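Peer 1: Based on the hints, put chains E, Z and L in the right spot on chain C.
Number of protein chains: 4
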Amino acid sequence: MKVGLIGFGKTGKAVASVLLQSTEVNLQWVLRKTHVLEHRSVPEFLGIDSHEPGLIYSIEEYPAQDLLKRLPVDLIIDFSSQEGILYYGEAAREMGVAVVSAISAYPPERISYLQYLAEKTRVVCSPNITIGINFLIIAAKILKKIAPYTDIEIIEEHFKAKPEISGTAKKIAQALTLPEDDIKVVRAGGIIGVHEILFGFPYQTVRLRHESISREAFGNGVLFAAQHILEREVGLHSMEDLMLPYFDTGSSCLEDE
Amino acid sequence: MKVGLIGFGKTGKAVASVLLQSTEVNLQWVLRKTHVLEHRSVPEFLGIDSHEPGLIYSIEEYPAQDLLKRLPVDLIIDFSSQEGILYYGEAAREMGVAVVSAISAYPPERISYLQYLAEKTRVVCSPNITIGINFLIIAAKILKKIAPYTDIEIIEEHFKAKPEISGTAKKIAQALTLPEDDIKVVRAGGIIGVHEILFGFPYQTVRLRHESISREAFGNGVLFAAQHILEREVGLHSMEDLMLPYFDTGSSCLEDE
Amino acid sequence: MKVGLIGFGKTGKAVASVLLQSTEVNLQWVLRKTHVLEHRSVPEFLGIDSHEPGLIYSIEEYPAQDLLKRLPVDLIIDFSSQEGILYYGEAAREMGVAVVSAISAYPPERISYLQYLAEKTRVVCSPNITIGINFLIIAAKILKKIAPYTDIEIIEEHFKAKPEISGTAKKIAQALTLPEDDIKVVRAGGIIGVHEILFGFPYQTVRLRHESISREAFGNGVLFAAQHILEREVGLHSMEDLMLPYFDTGSSCLEDE
Amino acid sequence: MKVGLIGFGKTGKAVASVLLQSTEVNLQWVLRKTHVLEHRSVPEFLGIDSHEPGLIYSIEEYPAQDLLKRLPVDLIIDFSSQEGILYYGEAAREMGVAVVSAISAYPPERISYLQYLAEKTRVVCSPNITIGINFLIIAAKILKKIAPYTDIEIIEEHFKAKPEISGTAKKIAQALTLPEDDIKVVRAGGIIGVHEILFGFPYQTVRLRHESISREAFGNGVLFAAQHILEREVGLHSMEDLMLPYFDTGSSCLEDE
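Each protein sequence line maps, in turn, to chains C, E, Z and L. So the first sequence is numbered by this note's numbering: it starts at 1 and just counts up by one. So the second sequence is numbered by this note's numbering: it starts at 1 and just counts up by one. So the third sequence is numbered by this note's numbering: it starts at 1 and just counts up by one. So the fourth sequence is numbered by this note's numbering: it starts at 1 and just counts up by one.
Chain C with its partners taken away, still in its complex shape:
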């Protein structure tokens, strides 16, 4: 599968390194807003041994239409900014190129634009695109249905400088219809990111805990999305949506083992 990446900040670089090391996707190019590093090789820049082309282009060099014709991809991965999609959206829609966007906090008009794109092509939109967090959210929703009488607490820990409640914690609260104000927010030192969903039963406790090690975790999430989106129908999808079939165990779950 040929993919292009837009956005080459800290997270974009981390994602690029995971993509280059994966045998399942082939990184065709990386797009940036600026001309910095233009036409440099991403594998070389990141010190990764890879035969994938992965040259860096500026959005000012070509219109997206031209870029997608010269260097066609099956999938565009977006770690740029809220504006990134305006550059390539129309071209992706027209040419049926799938989009995996990990931008958080799109304004409503951009969500509408995503829906417009999704009329003609496959779009995944997920602000926290790690496998672990998306798995925990679904699992927690299920456990809440199994044991609605439990008390659920969400605890998130991040580095001291992080100003607000984490967007991921808010998403968990929303998924479990819990008030955001009840999230316990721990800020200390250089903690990269911990999210715990605690279920208090009368006589037992279940803790679903996710610990981030580095930004590359987003890369594995992107790979998961890339592997599953092309099997899906045209439309707007979430990571949860792509993951749900794994939960439809049927009775075969037992038989397998």
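Some hints could be false.
Same chains, same names: a pair is fine if it fits in one copy or spans any two.
Said to hold, decoys possible - Straight line, CA to CA, 25 Å or less: simulated DMTMM-like cross-link-like pairs of lysine to aspartate or glutamate:
| id | residue 1 | residue 2 |
| --- | --- | --- |
| 1 | Lys145 | Glu233 |
| 2 | Lys160 | Glu24 |
| 3 | Lys13 | Glu119 |
| 4 | Lys69 | Asp241 |
| 5 | Lys162 | Glu61 |
| 6 | Lys162 | Asp49 |
| 7 | Lys162 | Asp151 |
| 8 | Lys160 | Asp49 |
| 9 | Lys144 | Glu24 |
FYI, nobody ran anything at the bench for these hints, they're computed from the structure. This structure is a prediction, so every number in the text was calculated from the model and none was measured.
Peer 2: Below, chains E, Z and L without anything else, positioned relative to chain C:
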């Protein structure tokens, strides 16, 4: 729903107290091997305010057939020993009374006997009948399917005197097709029981952790089984089996929010 | 060492069972406000095999002076109420009987009264008399001195029904001069009690974590106090005070090993 | 305080970045075995805004004696290899330059050499030079003395590829006179490093837990050593040794509050 309980050791007592405090089942009687406490009231003995009959009988007083006729129940809950089922099995089979057995380590011939009973009535068999553990096992199986490249470690912690690997940890290992020898066994002080299933991704960690507080946790598991077994067909069921429908989220899972 | 216990509620009973099972103290009597269980044997009541006398008396039966003459003890352990000390205080002062009080939230006038008693006898006053918590408080104070630039967070978890911030968490905050309002309070199900003091360094995290299993933990703290108070001078002492000598390692700490 | 660093591998670079960002030490130079990056500026290479000189030299360029005369330092920090010390040892001894060595697994003859250097200058030798781990080791030794009846378990978690029991876990076991074979070794995914010392009391649990976030943690340990070694006498010191005075709380610990 009318229930009877066989077995009144430490765990049996804890389960009885949960049953008495639940509005969903009605404890008709408790059966013991010995004559100790015969005809005493369980609510009174446990100091629980309840109008449920709950008298204690000895298995020597009546044949099971007679007991089930005089004091009929929909469900027999078994926290006795490997032999308990021999007392009431035939009668339950004949009269179509459901059975929830929490006996661990049945020998093969007793499993065959359970299957024989299950030809004519509903039988649930679960050595660790807590909701938390059974949920974690299913969730872990799903996560393993989603991310087969992760390294999975099972860590269990119990009180110093517990001699062997916990049966629950073994069950988890079996469910995930991991070697029992790799289970990390922590023994210290008075820890009641902790089980953690750790999924190591390259750049993130997911921990599914269960902490037991007291034996009453089995009571909530029994209630769950009681609430779901009567909707099921005649046959042999596991807790996982009863829990699986909650995992069949369909796409409705997303719509709910 | 002969000891007497005042207070026989849930915690008092738990402490009595630890005292009876210890070879280091000898439980002479238990005092209650009411006549309930009067003259019953505590070992028998608790089902513990012990040759210690341990009869139950009511404070209405004898004045404290008479009780201490008939059934002398070296130490009175107080798990009663804020008023308990008024019964035996004067007698303990006069006869030089040591006092270990685990009453939390004494009003100021009672603290003054303790100081008055401490003019003539040894008094330990500790609202949370577990070894684990008192150790963690001292250790945390030391780590704060070693690394004053770390961010410290206090997280406490208790059963849903517990209404306020735990007194222990407040004591930790006070010891580390942190605002009580910053304590993260988790309330869920039947959690008995967890306290975590988290130190966030820029590139590492230290967690000092205490998990309560049952009220008997107070019994082990009382034993520790009992073993150390008689070596101390007349006066008012805290658990931290009794524990501090273990921290004065000198350079011998290294040599030992 | 002027410092020089020998060793510029991954950990050496991480330590250099912490040193450059600290106001308490001034990085004069970095020494490497090879000529790679020779005479490059470390602040520039690491992208850190700093006015400290920090040029890179090869050990082949000058004898240590000459280097220390041209670019004098108070302290040499060694993150090179077992051989590094042979380059600068004699010169440091003669000129009274202090040494902080973080080399793990020195062979016996090198330990003897360190002792020889320590006859004339201050030497700190610590294979795991983080503040957190060294604090936990001392704290654990103290808790073991307070509660010798507890069961202690050591659990360490690292990335899948790490082949053996961690050296740090072994050091903890040694400090607590526990058999190395009992260490529970968890290997999964990309876990950077977790060490937990668990104390099991009969009715409570204390967990002393250290989580590494990145190699820079060694930098903060080096700073701690640098700040304390110059106050000490000539001789061989360990991190524990430097940290112990913080544990000698005296009774003043209580008075502070």
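Peer 1: Run every hint past the structure and note whether it holds.
Peer 2: Comparing the hints with the structure gives:
For the identical chains of this complex, lysine 145 and glutamate 233 are inter-copy neighbours only, at 22 Å across copies versus 29 Å inside a copy, given an alpha-carbon limit of 25 Å. Proximity of lysine 160 to glutamate 24 under the C-alpha cut-off of 25 Å is restricted to the inter-copy arrangement: shortest distance 22 Å between copies versus 37 Å within a copy. Taking CA atoms no more than 25 Å apart as the test, lysine 13 paired with glutamate 119 passes in neither setting, with 30 Å inside one copy and 50 Å between copies. When the C-alpha separation of lysine 69 and aspartate 241 is checked against a cutoff of 25 Å, the pair qualifies neither within a copy, at 30 Å, nor between copies, at 52 Å.
With identical chains, the CA atoms of lysine 162 and glutamate 61 are never at most 25 Å apart, being 36 Å at best within one copy and 45 Å at best between copies. In this assembly of identical chains, the alpha carbons of lysine 162 and aspartate 49 lie at most 25 Å apart only when taken from different copies (23 Å versus 35 Å within one copy). In this assembly of identical chains, the alpha carbons of lysine 162 and aspartate 151 lie at most 25 Å apart only when taken from different copies (13 Å versus 27 Å within one copy). For a Cα distance limit of 25 Å, the shortest separation of lysine 160 from aspartate 49 across copies, 22 Å, qualifies, whereas the shortest one inside one copy, 36 Å, does not.
For a Cα distance limit of 25 Å, the shortest separation of lysine 144 from glutamate 24 across copies, 19 Å, qualifies, whereas the shortest one inside one copy, 36 Å, does not.
When the structure is compared with the earlier hints, violations turn up for hints 3, 4 and 5 and for no others.
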